[in-house]
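Residue strings, one per chain:
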Amino acid sequence: MRPKLQLLDKALIERILGEAFQLIEDPGVRVAPYVVDLLRSAGITVKDGVAHIPEALARRLLDLAPRGFCLYDRSGRPAVRYGGDDVHFDPGSSCLNILDPETQQARPALSADLVRLVQVTEMLPQFAAQSTAMVCNDVPPEIGDWYRLLLVLWYSEKPVVTGAFSASSLHTLLELLAIESGGREALRRHPRAVFDVCPSPPLNWSEFASQNLVDLARAGVPAEIVSMPLAGATAPVTLAGSVVQHAAECISGITIHQLAQPGAPIVWGGAPAIFDMRTGKTPMGAIETAMLDVACAEVGKYLGLPTHAYMVTGDGRVIDAQVGMESGMSTVLGAMAGINMISGAGMLDFLACHSIEKLVIDAEAIASAQRLIEGIDARTESLAVSMFAQTGLSGDFLKLKETRSLFRKEQHFPSAVIDRGLASMNGTTPDILERAHQRVEELLSAYERHPLPPDREQELMAFAQREARASGLEGLPGILRTQYAHDSVS
Amino acid sequence: MPDDNFSAMRQSIIDGAPDTAAGLAQQAMSSGIAPIDAINLGYVPGMQAVGEQFARGQMYLPDMMASSEAMRAAMAVLDPELKKLGAERSMAGVVVLGTTKGDIHEIGKILVGTLLTAHGFRVHDLGVDVSGEKFAAQARELHADIVGVSALLTTTMRNQKSVVEALEKAGLRSQVKIMVGGAPVTRRWAEEIGADGYAKDAMSAVALARQLMAEKTQSVVAEPA
Numbered sequence: 001m002r003p004k005l006q007l008l009d010k011a012l013i014e015r016i017l018g019e020a021f022q023l024i025e026d027p028g029v030r031v032a033p034y035v036v037d038l039l040r041s042a043g044i045t046v047k048d049g050v051a052h053i054p055e056a057l058a059r060r061l062l063d064l065a066p067r068g069f070c071l072y073d074r075s076g077r078p079a080v081r082y083g084g085d086d087v088h089f090d091p092g093s094s095c096l097n098i099l100d101p102e103t104q105q106a107r108p109a110l111s112a113d114l115v116r117l118v119q120v121t122e123m124l125p126q127f128a129a130q131s132t133a134m135v136c137n138d139v140p141p142e143i144g145d146w147y148r149l150l151l152v153l154w155y156s157e158k159p160v161v162t163g164a165f166s167a168s169s170l171h172t173l174l175e176l177l178a179i180e181s182g183g184r185e186a187l188r189r190h191p192r193a194v195f196d197v198c199p200s201p202p203l204n205w206s207e208f209a210s211q212n213l214v215d216l217a218r219a220g221v222p223a224e225i226v227s228m229p230l231a232g233a234t235a236p237v238t239l240a241g242s243v244v245q246h247a248a249e250c251i252s253g254i255t256i257h258q259l260a261q262p263g264a265p266i267v268w269g270g271a272p273a274i275f276d277m278r279t280g281k282t283p284m285g286a287i288e289t290a291m292l293d294v295a296c297a298e299v300g301k302y303l304g305l306p307t308h309a310y311m312v313t314g315d316g317r318v319i320d321a322q323v324g325m326e327s328g329m330s331t332v333l334g335a336m337a338g339i340n341m342i343s344g345a346g347m348l349d350f351l352a353c354h355s356i357e358k359l360v361i362d363a364e365a366i367a368s369a370q371r372l373i374e375g376i377d378a379r380t381e382s383l384a385v386s387m388f389a390q391t392g393l394s395g396d397f398l399k400l401k402e403t404r405s406l407f408r409k410e411q412h413f414p415s416a417v418i419d420r421g422l423a424s425m426n427g428t429t430p431d432i433l434e435r436a437h438q439r440v441e442e443l444l445s446a447y448e449r450h451p452l453p454p455d456r457e458q459e460l461m462a463f464a465q466r467e468a469r470a471s472g473l474e475g476l477p478g479i480l481r482t483q484y485a486h487d488s489v490s
Numbered sequence: 001m002p003d004d005n006f007s008a009m010r011q012s013i014i015d016g017a018p019d020t021a022a023g024l025a026q027q028a029m030s031s032g033i034a035p036i037d038a039i040n041l042g043y044v045p046g047m048q049a050v051g052e053q054f055a056r057g058q059m060y061l062p063d064m065m066a067s068s069e070a071m072r073a074a075m076a077v078l079d080p081e082l083k084k085l086g087a088e089r090s091m092a093g094v095v096v097l098g099t100t101k102g103d104i105h106e107i108g109k110i111l112v113g114t115l116l117t118a119h120g121f122r123v124h125d126l127g128v129d130v131s132g133e134k135f136a137a138q139a140r141e142l143h144a145d146i147v148g149v150s151a152l153l154t155t156t157m158r159n160q161k162s163v164v165e166a167l168e169k170a171g172l173r174s175q176v177k178i179m180v181g182g183a184p185v186t187r188r189w190a191e192e193i194g195a196d197g198y199a200k201d202a203m204s205a206v207a208l209a210r211q212l213m214a215e216k217t218q219s220v221v222a223e224p225a
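Chains as they are written, first to last, in the working numbering: chain A, 1 to 490; chain B, 1 to 225.
Please note that a few of the clues may not be correct.
[Claimed, not checked] Taking lysine to aspartate or glutamate pairs in the EDC-like style, the calculated list, with each CA pair at most 16 Å apart, reads:
#1 A/Lys-4 with A/Asp-138
#2 A/Lys-4 with A/Asp-377
#3 A/Lys-281 with B/Asp-129
#4 B/Lys-161 with A/Glu-142
#5 B/Lys-216 with B/Asp-196
#6 A/Lys-281 with B/Glu-133
#7 A/Lys-401 with A/Glu-381
#8 B/Lys-161 with B/Asp-129
#9 A/Lys-4 with A/Glu-374
The hints are simulated quantities; they were obtained by calculation from the structure and are not laboratory data.
Because the structure is a prediction, the values reported are computed rather than measured.
Isolated chain A, as found in the complex:
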């Protein structure tokens, strides 16, 4: 039996949806001029920039959204399956700062940091997908969004959770993906990336977000709604009230998206949080934040839609027991809730900072959570009696062939990041930070880059160099010239 966490009963989910449908009609949803004609052509009243979406129409459009879809790796194999209770993890995204691996002090992230994070993520099976995890402070801000994706595509073969920072730059990101996939049609058939699109709470689809939804739907590239109610600040203070707002934002987003292209893949996702009434901060490691994540996903699952949440994060400023506790708890809850894509690993300090050391620690929590949701199986015909028949009361189970054949299935073996007594074998006991640091170094030295086919590599570099130069950037930070100089267009 697969263990499952549920926080809402059917009656409460129905009430949540009932109120969400009510909200999208009255007071309605603020929308951008870009989608007004699209909405009006479907019979939706749009007045003073506010769309009043009737429930019946929204329900019809929800039915058109696919129940599931895949993201593909570079070789075209399905590697992430959105839908049902499949659970995948990816690192947190778009962080400006990193805990410096040497000093463990926060500093602005650079291209080299993102490259290291991508390489470590590539090596860890716990992460089914990459994310465009950091904004590189050594490239001009106006190219910050697509540059992250370039580095991920260069160093990774896994699917990517990404997002654009503006309406226009989305097309640069899509172009990079199309080059890597071998054209727009290939990208549509086998999308490698999903794009986060964020409504502004409460109930506002800005020009940038509206446009991203429409353009992604038409490009056939999956969109992931990241609705972010802040309970008590930009959303009702009650958890149930915030879940209603989240549902209303998702439903209205799906309405826009499905009107643009019926059947286009979309995810019911979010990064809800409570609002700390003492500090005004949004604690991502709070238990109520995790409860919001789980409850929001439950509503999406009830509608049969693929789901996403922002978890595996802690709020301390350094890697300490608090951060470990918060991240570990939220990892377990997210996995038990069966959320398809759980973003956030590696992040701390209210999502203000990334850490590659934390990423490898989180990977251990993820592996444990993955073991947990495998559940307890009856692997043998008799559960214990036949083994006792062999050992009697001697307690000598170590010798049994069942032990040898099954212990690897029953037990998960963590890496040396987790101290199970092996860490002190050399006479010294490195602490968790040292063990994590060492693990990062090991993974980095084992990492090997797999180049793209030469023609695509050349096209990708030519495109990137052209775009970078247009912003006054010479060279491509994070990519060694020798890796592409032989075939680049100078």
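Assemble chain B onto chain A, guided by the hints.
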């Protein structure tokens, strides 16, 4: 007993009770208490107590918002009375506050505004999605001492720089101190864009504003016109 009145005024702010605060202000006016005394001895100490309790984690944001509403209600009664007398509140400085262009988040900014008001600054809140040009125009019109620019998003943070540039372009940079804040903002970013200071939260923003005012006064003394 004026002392009792002042203490009730103070308490009405701490309780976040706008009707009581306004009622007490009206009573004070009809019983001949000077409006400036009601403000300085009654309501302002209330806001200061709120600010201190908030800083100690003993008071929460919804309580503080209610206190701020109560302060507004009292001032709506007292300000016209002050004007009639031709008197003016002494104040710590004029602050023009807003959230940067492209950004519609205002909780942090409201908080900063509330606390600055509590500590005697005259705050003009320009709202959200404010362009650099608007910041500059308002700073000129209102004779701002300080311009405070908030941003919540990594994508809109860079627009703080255009506020600095707009103030430079308007020729106001030497007269106006600029402070920046918001979740993604750091001290280093503030330095990089040429702002005068960064505050990590609303209470530090008050300390920063006071420090900037002190610097401003010193520089005026050092460079007589």
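Hints and how they fare:
no.: 1; hint: A/Lys-4 with A/Asp-138; verdict: violated, 44 Å
no.: 2; hint: A/Lys-4 with A/Asp-377; verdict: holds, 15 Å
no.: 3; hint: A/Lys-281 with B/Asp-129; verdict: violated, 21 Å
no.: 4; hint: B/Lys-161 with A/Glu-142; verdict: holds, 13 Å
no.: 5; hint: B/Lys-216 with B/Asp-196; verdict: holds, 11 Å
no.: 6; hint: A/Lys-281 with B/Glu-133; verdict: violated, 30 Å
no.: 7; hint: A/Lys-401 with A/Glu-381; verdict: holds, 14 Å
no.: 8; hint: B/Lys-161 with B/Asp-129; verdict: holds, 14 Å
no.: 9; hint: A/Lys-4 with A/Glu-374; verdict: holds, 11 Å
When each numbered hint is compared with the structure, violations occur for hints 1, 3, 6.
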